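> First to last, the protein sequences are chains A and B. Sequential numbering of the first sequence, starting at 123, is according to the working numbering. Sequential numbering of the second sequence, starting at 2, is according to the working numbering.
These aren't lab readings, by the way, just hints derived from the structure by calculation. In this text, all values refer to a predicted model and were calculated from it rather than measured experimentally. Just so you know, even glycine gets a beta-carbon here, dropped at the ideal spot from N, CA and C. Honestly, I wouldn't trust all of these hints.
[As the list claims (entries may be wrong)] Restricting the straight-line Cα-Cα distance to at most 25 Å, the calculated cross-link-like pairs of lysine to any residue (SDA-like) are: (1) K164/A - Q191/A; (2) K58/B - L14/B; (3) K71/B - D39/B; (4) K167/A - R69/B; (5) K15/B - P130/A; (6) K164/A - R12/B; (7) K10/B - V89/B; (8) K164/A - N103/B; (9) K58/B - D39/B; (10) K58/B - A151/A.
[Stated by the list, open to error] Non-contacting residues of chain A with respect to chain B, defined by C-beta distances greater than 12 Å in every case (computed): (11) G180; (12) Q191; (13) L202; (14) F226.
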Amino acid sequence: RKEVEQDPGPFNVPEGATVAFNCTYSNSASQSFFWYRQDCRKEPKLLMSVYSSGNEDGRFTAQLNRASQYISLLIRDSKLSDSATYLCVVNSLYSGGGADGLTFGKGTHLIIQP
Amino acid sequence: NAGVTQTPKFRVLKTGQSMTLLCAQDMNHEYMYWYRQDPGMGLRLIHYSVGEGTTAKGEVPDGYNVSRLKKQNFLLGLESAAPSQTSVYFCASRTDRGGSYNEQFFGPGTRLTVL
Chain A
123 RKEVEQDPGP
133 FNVPEGATVA
143 FNCTYSNSAS
153 QSFFWYRQDC
163 RKEPKLLMSV
173 YSSGNEDGRF
183 TAQLNRASQY
193 ISLLIRDSKL
203 SDSATYLCVV
213 NSLYSGGGAD
223 GLTFGKGTHL
233 IIQP
Chain B
2 NAGVTQTPKF
12 RVLKTGQSMT
22 LLCAQDMNHE
32 YMYWYRQDPG
42 MGLRLIHYSV
52 GEGTTAKGEV
62 PDGYNVSRLK
72 KQNFLLGLES
82 AAPSQTSVYF
92 CASRTDRGGS
102 YNEQFFGPGT
112 RLTVL
């Protein structure tokens, strides 16, 4: 079973719509969770961390369900500039991912259409 | 601040050739990482370093070597390039101060093709 799984998409969404992505992770010992954004042929950049109580940053809302090992990202009032690939990232001890054990999902591709 | 920079941006190699990718950061970060990203795959960690003079293997280290002689630089070497090493290589760095996790900052990537 892959450690971090995401629907690769693409999600084609009209401008102004609300879109939600999901991600599941396999390591129940995972401690920290993030969404990164990657534009075409660019480097990944941190979009937001995901906290147990849920958190919001402008039009973006992230949720974590530890019992189901499930992370979500909701984008409201989507803009053309939101078109990108969204990477689900999990920080786990002993995952072999390095000093802080980051494991990246393959990403969900989002296309916002005018 | 330039952040994280990578040299070169693009490179084409023939099978068996060697090369070194350079990563430099000006943020005084302790931790540095080398990832590769292939189509349809997530980023996979090749090697990492927790400080000057230290290196460790990640998920896919075979065929690569690294060195961290200076805190600001992290070099990735391919001794004998193979077509399977065709990929986009990203370097990242982060500080070790403040909390259980600190954001990793990525360089712009190096696109390597091995013929």
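> For every hint, state whether the structure bears it out.
Evaluated hints:
1. K164/A - Q191/A: violated, 29 Å
2. K58/B - L14/B: Distance of about 24 Å is within 25 Å: holds.
3. K71/B - D39/B: violated, 29 Å
4. K167/A - R69/B: Status holds; Cα separation ~24 Å.
5. K15/B - P130/A: Not satisfied, since the Cα-Cα distance of roughly 32 Å exceeds 25 Å.
6. K164/A - R12/B: Satisfied, since the Cα-Cα distance of roughly 16 Å is no more than 25 Å.
7. K10/B - V89/B: Judged against 25 Å, a Cα distance of about 10 Å means the pair holds.
8. K164/A - N103/B: Within the cut-off at roughly 21 Å; holds.
9. K58/B - D39/B: holds, 19 Å
10. K58/B - A151/A: holds, 21 Å
11. G180: Given that every Cβ of chain B is farther than 12 Å from that of G180/A, nearest at about 18 Å, it holds.
12. Q191: holds, 17 Å
13. L202: Nearest chain B Cβ is 23 Å from L202/A, so the label holds.
14. F226: violated, 4 Å
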